[in-house]
Every structure is written in structure tokens, then in C-alpha cells.
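Colleague: One-letter residues, chain by chain:
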Amino acid sequence: MASMEKRLQKELLALTKDPPVGVKVNTDAITKNLAEWTVDLEGAPGTVFEGENFQLQFKFGSRYPFDSPQVMFIGPNIPLHPHVYSNGHICLSILTDDWSPALSVQSVCLSVVSMLSSCKEKKRPPDNALYVKTCSKNPKKTRWWYHDDSV
Amino acid sequence: MAEGALNYDPSKNYDDQTCAQQRDIEKAIADEQPLVSDILSFDELKTEYQDDEIFKLKIDDLKGRYKHMRKTRGDGNCFFRAFGFAYLEQLLNNNTDFPRFKEIASKSKDELVALGFPQFTIEDFHETFMEVIEKVEKKCTNEEFYQLYTDQGISDYFVVYLRLIVSGHLQKEEDFFIHFVEGGRTVKEFCNQEVEPMHKESDHIHITALTAALGVNIRVEYMDRGDTPKCNQHDFPDGSRPSVYLLYRPSHYDILYP
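Sequences listed follow chains A and B, in order. Numbering-wise, the first sequence is residues 1 to 151 according to full-length UniProt numbering. Numbering-wise, the second sequence is residues 1 to 258 according to full-length UniProt numbering.
Just so you know, the hints here were simulated from the structure itself, not pulled from any lab data. Glycine residues also receive a C-beta, built at the ideal position from the N, C-alpha and C atoms. Please note that the accuracy of each hint is not assured.
Only pairs whose alpha carbons sit at most 20 Å apart, straight line, appear in this in silico PhoX-like list of lysine-lysine [stated by the list, open to error]:
1) B:107 to A:140
2) A:140 to B:200
3) A:123 to A:133
4) B:102 to B:139
5) B:63 to B:107
6) A:59 to A:32
7) B:107 to A:141
8) A:59 to A:137
9) A:140 to A:120
Covered stretches of chain A (in silico footprint by chain B; criterion: 3 or more residues with CB under 8 Å from a CB of chain B, positions within the stretch not fixed) [said to hold, decoys possible]:
10) 10 to 18
11) 50 to 60
12) 132 to 146
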């Protein structure tokens with residue numbers, strides 16, 4: 001749909017021109033397929049993830065920005081975090097229930113960075129083993145139960 | 001089947017089914033209910049309440065005071081959708097309030113940006129919002145307006161922007177509205193969770209903020225289970241002369257025509 005492409009073009013331009021600290025988009029790969037982005041994230045200095053690099057994958061449906069993007073960690077390094085499952089799925093309310101069309105790739109990246117930065121102890125969610133065994137491939141198809149905003 | 005349904009198997013994924021069911025329900029609502037209906041008589045409304053004496057009495061009460069109504073789709077956006085339609089349709093027929101409203105609408109984008117909303121996402125919604133308003137300014141026909149406003153893409157952009165205006169106003173007047181936010185949340189958290197996302201239902205606090213932000217007064221007729229034969233009215237703000245009239249039935253808003 002045209003409005004989805006127009007919106008993503010705008011976002012890409014803004015994010016390439018003025019990226020937030022620790023966030024880098026791979027522009028060349030994206031211009032080939034606008035519906036799928038990979039974004040590099042750096043663990044923020046002074047946090048338990050300092051010096052680590054992560055990759056976030058975004059997939060956009062034709063109803064974006066009305067439908068939220070599908071967002072998960074991919075690649076060799078999945079952050080060891082109480083809200084991040086070992087298959088890369090993230091439990092973060094703005095990715096489903098609290099998504100708003102006024103949010104953007106940039107605001108999602110900032111929320112993920114902030115979620116990582118407030119982590120005190122590196123560990124997986126308590127239900128990790130069961131979840132990764134039974135969950136859908138698409139994290140948006142999980143009915144998340146949000147709790148504990150402090151980490 | 002019934003027996004099997006009671007056996008919870010922790011190694012199975014039930015979320016897919018639940019999500020699929022949720023999507024089916026949403027699709028059924030979208031297929032059956034237009035975003036904004038044609039003009040309907042109160043007798044048509046009554047057919048929904050054949051065996052409900054209290055609601056039939058309340059519909060008679062409305063019938064004595066209003067000419068007819070329009071229904072809006074029950075998708076959680078009904079308050080915003082109904083308000084936008086009712087107010088713009090009115091401006092189309094009588095434009096005395098138009099210059100005042102247009103000025104507020106034009107300026108609203110810069111105010112939202114000043115409050116910290118990102119310019120490039122706000123811009124898109126504001127553009128469409130102003131396009132709809134300018135169509136009304138140029139005196140399109142009522143039919144053209146109906147077509148425009150019931151185009152899902154345009155209508156949803158319009159609703160998003162009204163939601164942002166409410167969010168902006170709540171955050172600007174945070175010191176006042178914090179007293180009405182439940183669940184120990186900040187005003188910003190409330191806006192992020194209950195105002196800005198689509199499909200989140202509206203309450204008094206949303207109506208109060210929209211009324212104040214746009215300077216458009218609203219009367220809501222409450223048709224509820226209470227056993228009085230009349231609907232209760234509430235004017236936003238209190239004691240004002242309303243220009244938009246809405247009907248509230250539990251969890252839903254429609255448009256009324258006095």
C-alpha cells in the first residue's frame with residue numbers, strides 16, 4: 001500500500017540522517033526491500049550490555065503504521081535479558097497492545113535500548129524453555145502478559 | 001470436543017487460535033458495520049431491543065428530542081469517529097465556526113511537536129487531517145464528504161490525529177488531569193496506553209480533553225441499564241451549549257441529530 005511505503009521512506013531518511021546514539025540502519029539492504037529492515041544496536045556504555053552488539057529485525061505489513069511492525073532480535077547475539085527469549089522474541093507492550101500509529105522504528109529502537117539499559121542482571125525469562133518450544137514464529141501472534149516495567 | 005477443550009496441554013500453542021479468533025471477530029465487525037452508517041430512524045434502533053422495555057422507553061425519550069441518528073462502527077474508535085463526522089458535517093452546513101476551528105487545527109501540529117511528538121510521524125496525520133478539513137471548507141457536497149470520511153484509510157488517519165490532539169492536551173494540562181488517571185500511572189503513560197493506540201475506548205477524560213482542545217462542546221445522552229425511562233445527559237464542559245450530540249450505549253458512541 002502506498003501510504004505504508006511513503007511512511008517507511010520518510011522514516012528511513014530520518015533515521016539515516018539523524019540516528020539515535022547506538023542505533024544504525026543498514027540502508028543499502030533496506031532499499032532493496034522496504035518491508036524488512038535490519039537495525040544494529042549497541043549496548044549502552046555503563047550498562048550490563050556495554051560493548052555488545054545486537055541486531056533487530058523489523059517486518060512491516062501493508063497496514064503499517066496502523067498495524068505494529070513485527071520486531072525481534074536476530075543473529076548470533078541475542079541479549080540475555082528477562083524480557084528477551086532465546087529465539088529473539090521480545091516482551092514489550094508497544095510492540096502489540098500499546099502500539100500507536102504515531103510510533104516509529106526510531107521510537108521502537110529507543111524503547112528497546114532503554115529496556116536493555118535498565119537491566120541489572122543478565123538472565124532469560126523464567127518461562128523461556130517452554131515458550132521457545134511452543135510459540136509461533138511470529139512474536140505478534142503471542143498474547144503477551146506484560147508485567148514488571150522496571151527491567 | 002467439549003471434553004478435549006478442558007484439557008490444557010502446556011506443550012501446545014493456544015495463542016495462534018486465540019489470535020485467529022480475535023481477527024475473525026474484527027473482520028465480522030468490519031464487514032457488518034460501516035464506519036459511519038446512513039441516517040437511521042429511532043424505530044430502526046428499537047428493532048435491536050425487541051424484548052427490552054427499559055431501552056424501548058429510553059429510545060422513545062430520544063425520539064421526542066432528536067430527529068434521527070447515525071451509527072458508527074464498534075471498533076473502539078467510535079467516539080472519535082462519531083465526533084469528527086458530526087462536527088465536520090455541521091461545519092459543512094453552517095460554516096460560522098469554521099475559521100476558529102481551522103486556526104486551531106492548523107496550529108495544533110506545532111504544539112504537538114513542541115510537546116515532544118516526533119515531527120515526521122505527526123506530519124503525515126496532520127496533512128490528512130487538514131485535507132479533510134479543507135474539503136469541508138471548499139463546500140464539497142454531503143455525499144462527497146460521506147465518501148471521504150468513510151474511506152477507511154482517510155478516516156483512520158483522521159482518528160489518529162484526534163487521538164494525538166487529546167494526548168497533547170492531557171499532557172499539556174498534566175497537573176489537572178493527573179487526578180483522573182487510574183492505576184498509579186503518569187499522564188504520559190496513560191496517553192501511551194489508553195489514548196494514542198487505535199481501538200482503545202474513550203472515557204470522560206478523553207471527551208473532556210477533546211472538548212477543551214478544540215473548543216467544541218459535546219452533549220452525550222447516556223442510554224444505560226438504569227430503570228428511569230429517560231436518558232441521562234451530560235454536557236462537556238458542564239453548563240455549555242452543545243454543538244455535537246452523541247448517544248452512548250454501554251461501550252459505544254453514535255451520532256444524534258437534534
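Colleague: State for each hint whether it applies.
Modeller: We went through each hint and held it up to the structure:
{"no.": "1", "hint": "B:107 to A:140", "result": "violated (36 Å)"}
{"no.": "2", "hint": "A:140 to B:200", "result": "holds (18 Å)"}
{"no.": "3", "hint": "A:123 to A:133", "result": "holds (18 Å)"}
{"no.": "4", "hint": "B:102 to B:139", "result": "holds (14 Å)"}
{"no.": "5", "hint": "B:63 to B:107", "result": "violated (39 Å)"}
{"no.": "6", "hint": "A:59 to A:32", "result": "holds (14 Å)"}
{"no.": "7", "hint": "B:107 to A:141", "result": "violated (39 Å)"}
{"no.": "8", "hint": "A:59 to A:137", "result": "holds (13 Å)"}
{"no.": "9", "hint": "A:140 to A:120", "result": "violated (27 Å)"}
{"no.": "10", "hint": "10 to 18", "result": "holds (count 3)"}
{"no.": "11", "hint": "50 to 60", "result": "violated (count 0)"}
{"no.": "12", "hint": "132 to 146", "result": "holds (count 7)"}
Hint compliance for this structure: hints 1, 5, 7, 9 and 11 are broken, all remaining hints hold.
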